[in-house]
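J.: Listed below, chain by chain, are the residues.
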Amino acid sequence: MTSKTATFSFGDRLARRLHLAFCAAVFVFLIAPMLVVIPLSFNAEPYFTFSEGMLALDADAYSLRWYRSVVEDEEWRLALTNSLFIGLAAAAIATILGVLAALGLASPAMPGRALVTGLLISPMITPIIISAAGMFFFYSNLGLSQTHLSLILAHAALGTPFVVITVTATLAGFDRNLTRAAASLGAGPFAAFRRIQLPLIAPGVIAGALFAFAASFDEVVTVLFLGGLEQRTIPRQMWAGIREQISPEILAVATFLVAFVLVLLGVVEYLRKRGGQSPVGQ
Amino acid sequence: MRRLSHIRLHICTQGFVATLALIGVAGTQAAANESVTVVSWGGSYAEACKKAVLDPFTDETSIEVRLESYNGGLAQIRAQVETGNVHWDVVDLEFADLARGCDEGLFEVIDIDELPPAPDGTPARDDYFEGTYSECGGGGIFYSTVYAYNNESFTGQRPSTIEDFFDLEKFPGRRGMRRTAAANLEFALLADGVSPEEIYAVLNTPEGVRRAFSKLDTIKEHIVWWEAGAQPPQMLADQEVVMSTAYNGRIFNAQVLEQQPFTIVWDGQVLDYGQFAIVAGTPNLEAARSYLLFASRVENMAAIGHYIAYSPTRRSGIDLISTHHETGVEMRPHMPSAPENMGRVVRNNWEWWSDHGEEMNERFSAWLSR
Amino acid sequence: MALSLAAARVRAAALTLPLVAFIGVTFLAPLGLMLARSVHEPLVADSLPDTLAMLNNWDGVALPSEDVFEVLGRELLSLHQQRSLGGVATRVNRLESGMRSAVVRTARQLRDADPGSWREAMIAAAPIWNEPKAWRAIQRAGERYTLRHFLHALDLERDTAGNVVAQPPDQRIYLSLLGRTLMVSVVITVICLILGYPVAYLIANSPPSRSNLLLLLVLVPFWTSLLVRTTSWIVLLQNQGVINDLLVAVGLTTEEGRIPMIYNMTGTLVAMTQILLPFMVLPLYAVMRTIAPSQMRAAAALGASFPQAFIRVYWPQTLPGIAAGSLLVFILSIGYYITPALVGGRTGQLISNLIAYHMQQSLNWGLAAALGAILLVCVVLLFLLFNRLVGVERMRFT
Chain A
0 MTSKTATFSF
10 GDRLARRLHL
20 AFCAAVFVFL
30 IAPMLVVIPL
40 SFNAEPYFTF
50 SEGMLALDAD
60 AYSLRWYRSV
70 VEDEEWRLAL
80 TNSLFIGLAA
90 AAIATILGVL
100 AALGLASPAM
110 PGRALVTGLL
120 ISPMITPIII
130 SAAGMFFFYS
140 NLGLSQTHLS
150 LILAHAALGT
160 PFVVITVTAT
170 LAGFDRNLTR
180 AAASLGAGPF
190 AAFRRIQLPL
200 IAPGVIAGAL
210 FAFAASFDEV
220 VTVLFLGGLE
230 QRTIPRQMWA
240 GIREQISPEI
250 LAVATFLVAF
260 VLVLLGVVEY
270 LRKRGGQSPV
280 GQ
Chain B
0 MRRLSHIRLH
10 ICTQGFVATL
20 ALIGVAGTQA
30 AANESVTVVS
40 WGGSYAEACK
50 KAVLDPFTDE
60 TSIEVRLESY
70 NGGLAQIRAQ
80 VETGNVHWDV
90 VDLEFADLAR
100 GCDEGLFEVI
110 DIDELPPAPD
120 GTPARDDYFE
130 GTYSECGGGG
140 IFYSTVYAYN
150 NESFTGQRPS
160 TIEDFFDLEK
170 FPGRRGMRRT
180 AAANLEFALL
190 ADGVSPEEIY
200 AVLNTPEGVR
210 RAFSKLDTIK
220 EHIVWWEAGA
230 QPPQMLADQE
240 VVMSTAYNGR
250 IFNAQVLEQQ
260 PFTIVWDGQV
270 LDYGQFAIVA
280 GTPNLEAARS
290 YLLFASRVEN
300 MAAIGHYIAY
310 SPTRRSGIDL
320 ISTHHETGVE
330 MRPHMPSAPE
340 NMGRVVRNNW
350 EWWSDHGEEM
360 NERFSAWLSR
Chain C
0 MALSLAAARV
10 RAAALTLPLV
20 AFIGVTFLAP
30 LGLMLARSVH
40 EPLVADSLPD
50 TLAMLNNWDG
60 VALPSEDVFE
70 VLGRELLSLH
80 QQRSLGGVAT
90 RVNRLESGMR
100 SAVVRTARQL
110 RDADPGSWRE
120 AMIAAAPIWN
130 EPKAWRAIQR
140 AGERYTLRHF
150 LHALDLERDT
160 AGNVVAQPPD
170 QRIYLSLLGR
180 TLMVSVVITV
190 ICLILGYPVA
200 YLIANSPPSR
210 SNLLLLLVLV
220 PFWTSLLVRT
230 TSWIVLLQNQ
240 GVINDLLVAV
250 GLTTEEGRIP
260 MIYNMTGTLV
270 AMTQILLPFM
280 VLPLYAVMRT
290 IAPSQMRAAA
300 ALGASFPQAF
310 IRVYWPQTLP
320 GIAAGSLLVF
330 ILSIGYYITP
340 ALVGGRTGQL
350 ISNLIAYHMQ
360 QSLNWGLAAA
370 LGAILLVCVV
380 LLFLLFNRLV
390 GVERMRFT
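Keeping their order, the protein sequence lines are chains A, B and C.
Using numbering that gives the first Met the number 0, read the first sequence as starting at 0 and increasing by one per residue.
Using numbering that gives the first Met the number 0, read the second sequence as starting at 0 and increasing by one per residue.
Using numbering that gives the first Met the number 0, read the third sequence as starting at 0 and increasing by one per residue.
By construction, these hints were calculated from the structure, which means they are not laboratory data.
Accuracy of the hints is not assured; some may be wrong.
Claimed, not checked - Here are a few chain C residues that sit away from chain B, every Cβ distance over 10 Å (derived from the structure):
id : residue
1  : 96
2  : 99
3  : 103
4  : 106
5  : 107
6  : 144
7  : 169
8  : 172
9  : 176
10 : 255
11 : 362
To be verified - Between beta-carbon pairs, the in silico distance windows are:
id : chain 1 : residue 1 : chain 2 : residue 2 : range
12 : A       : 140       : C       : 17        : 16 to 26 Å
13 : C       : 205       : A       : 192       : 32 to 42 Å
14 : A       : 174       : C       : 10        : 17 to 27 Å
Just so you know, even glycine gets a beta-carbon here, dropped at the ideal spot from N, CA and C.
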């Protein structure tokens with residue numbers, strides 16, 4: 000309801016105010032919980048509420064002790080290493096397989112497209128508890144439970160739909176005549192892909208890879224079922240912390256993760272601007 | 000064409016699975032240098048075990064110990080044994096679970112005569128207190144489920160009996176309880192006027208079980224359920240609850256190490272004991288066995304009592320109880336078996352729980368979800 | 000031309016093949032094998048073959064004869080020696096409570112003394128062997144293929160005559176839980192729509208610079224870890240949390256009157272709504288931004304009031320977005336696990352949490368699989384609807 004609708008006169012001003020107030024409340028509902036966590040992570044006391052000192056902006060009431068204890072804690076360090084390792088490996092697999100599949104799906108000649116698409120994105124819609132349970136038995140039978148490999152494969156499977164969907168969306172705006180032109184100029188299919196298609200869909204590919212990584216980086220249920228002590232990831236550590244001994248360390252980690260998302264979105268935004276067109280159909 | 004791609008898919012799948020299996024095997028072999036995974040109850044108790052037993056064990060044998068935590072029960076062990084994926088080598092168990100799991104074949108059998116004798120040469124068989132060892136167990140401590148409160152939650156009168164725990168009028172506010180049937184049924188019947196000696200006779204009848212649950216009903220809406228032993232001290236510190244059942248050692252550690260203003264109510268304590276056991280089918284059987292034998296030495300069993308208020312289950316260990324290792328606090332008065340704490344005591348009947356635990360927990364879950 | 004089309008088809012299919020194979024092996028096969036457990040349970044049949052063969056001729060009413068006792072006794076003994084009694088005991092116990100300890104105790108006592116009469120020795124060890132129900136339990140646990148997990152998941156069972164009947168009232172939990180899950184999903188979807196529609200409208204009709212900023216306010220929570228958001232709600236809502244502290248500080252409630260807002264259904268609803276709201280806003284926004292503002296202006300120029308123009312012109316065009324967002328939120332809600340597990344307490348649990356319970360605690364994997372299959376059917380049906388109304392290719396994540 001911007002100025003363009005100002006031609007409506009009846010109660011318009013009041014309605015617009017109400018609308019803005021309502022939206023502001025919803026945005027507060029969306030954002031505020033995360034914002035509350037950030038100052039509390041600097042609490043000098045082991046509590047989850049604002050101490051009087053904090054409210055009075057007393058510098059002594061704030062401290063970096065929880066950040067220090069996270070950084071110094073071997074378990075959190077192992078968790079970060081695991082999260083990065085599993086996330087990167089899973090994203091790599093998901094991206095390679097997902098881009099290939101998206102190229103196939105985008106071809107007008109693709110047989111049985113609807114069915115194949117349905118199969119490929121099934122990991123995204125299946126309730127995670129069912130997927131995790133199935134994977135638990137599967138990798139146990141192979142003797143692979145409690146290995147990094149099982150988690151990488153599991154997360155790769157869960158991440159591929161993001162790649163397939165984002166890359167397919169990018170390819171939808173792709174002019175196939177470019178490939179044909181390249182072919183008519185003597186370029187082999189691989190060269191044509193590398194020189195023509197890839198640069199054009201690159202923003203979509205990178206966005207898809209980022210999403211696959213983020214999906215793995217935030218995944219906890221398969222880690223609960225497949226992972227052991229050695230495979231603990233950051234969300235798994237947070238899960239244990241929330242369930243058992245909630246300490247402000249978790250708030251420090253949460254703040255770190257919020258910062259991580261801001262960086263991630265910044266990168267995506269940059270790619271979008273640079274790519275000129277939307278990588279993800281925006 | 001369709002057929003071809005079908006066959007290709009099949010070949011791909013097979014090759015893929017074989018590769019997976021190979022990588023898996025390679026992975027496990029690489030990790031097979033001597034180490035043992037010990038699973039205990041987390042928090043300050045696991046910390047005590049680590050200092051008292053695990054670290055000295057590594058020093059002596061150079062076998063590395065990985066410490067994992069759980070919240071009791073046999074489910075995770077059963078799942079590992081049934082799917083043939085045993086990742087836990089040694090588990091610290093409540094005695095009822097140990098006895099049941101031992102019968103079901105979840106644990107390796109250990110001959111009691113293999114366990115190290117007392118310093119004076121008394122064989123382990125005679126050194127253990129009556130009934131405190133199982134044919135699958137080693138080591139062992141007495142611990143107690145009590146309830147405790149934060150002194151700051153009460154300005155006037157303070158609770159002092161198990162009846163007070165169930166008395167919402169005298170002491171309003173939320174209570175913490177472990178999310179399981181064990182100990183809670185005993186507390187409920189005690190508070191309902193059953194004497195400690197008759198508890199299990201009463202529980203043996205359907206009316207008795209109903210009676211226990213209906214006593215719990217009276218405070219159900221005011222209970223906050225905990226699962227990990229580390230939670231009650233936290234809940235009391237945050238005043239999330241005014242009182243909570245807890246393992247006595249956890250409260251003790253919060254008192255002496257964190258100077259928390261907690262008070263233990265010993266009246267109506269449920270005294271129990273537990274042991275370590277080796278999970279059947281562990282790939283690290285030798286390392287696990289040497290750990291179990293190490294943990295069964297009297298001095299190591301007693302050493303746990305230098306860090307947390309749990310006492311060894313061997314007679315010769317009682318004399319070794321002394322002071323808290325870090326603070327110098329005299330440990331004896333804080334042990335569950337100290338005479339001044341032994342007023343009204345329920346001795347946990349592990350045989351009853353071994354037979355009925357499953358059924359009671361099912362009823363408990365159904366009761367919870369209503 | 001025909002040849003090159005065929006070549007293009009092969010090429011397209013070949014490109015998708017690696018991922019199809021990968022998903023087939025690492026996802027669909029595990030899923031299928033897991034769901035098969037809901038009807039296939041061979042352990043008892045494989046462990047007690049001789050006993051089950053003899054029970055084939057049993058009338059189901061009278062006590063079996065001494066030789067059946069002996070065969071069962073010997074089979075239990077040998078299972079005990081192989082240390083694999085536990086799995087059998089657990090499964091029989093599910094059909095008749097108390098059978099676990101009966102089976103285990105019997106094996107233990109038979110081991111310690113060679114019985115003169117197997118029948119007497121077994122009944123002495125566990126009196127339940129004197130009752131036909133114990134034997135029926137063994138017989139039924141020995142069915143290799145069974146529908147009882149599905150019956151159980153629907154609060155049904157077979158009585159002794161084999162008829163399908165409802166479970167006793169105090170044991171019926173699954174249907175009501177499924178109902179609760181669907182109900183919660185509807186409520187969350189409706190709240191998300193009510194909250195999300197005006198917000199999406201605002202974003203879609205703001206100038207580009209402002210709409211990007213507002214969109215970021217939706218995207219940041221969307222991409223922030225679930226566990227972070229759940230932690231935030233614990234911090235805010237718990238008894239000693241920020242909101243209760245605030246209420247006490249401004250005198251809206253007393254120290255004793257702190258409101259329980261978490262570890263119950265309220266916690267589940269609030270946290271899930273916040274977590275799922277972006278899934279509503281983003282598809283709505285995607286549809287709304289394609290609706291030209293000139294349409295509304297045209298309607299106004301033709302004399303329509305704002306409500307009229309909105310209902311006649313704008314709203315109908317947003318229906319695809321409403322369908323997309325609602326179905327997405329609904330599909331995600333009915334399978335939700337993490338948030339209810341962490342903030343749902345006793346009363347805020349959903350069907351996924353019960354599946355997890357049977358996977359990890361009771362180890363009733365057949366029942367977990369049956370519940371999972373029912374849940375999956377719901378999700379797949381909804382998804383097919385989604386695909387028909389909206390199309391997967393129109394899903395977006397930024």
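J.: What are the numbers of the hints that this structure violates, sorted from low to high?
T.: 1, 2, 3, 4, 5, 7, 8, 9, 10, 11
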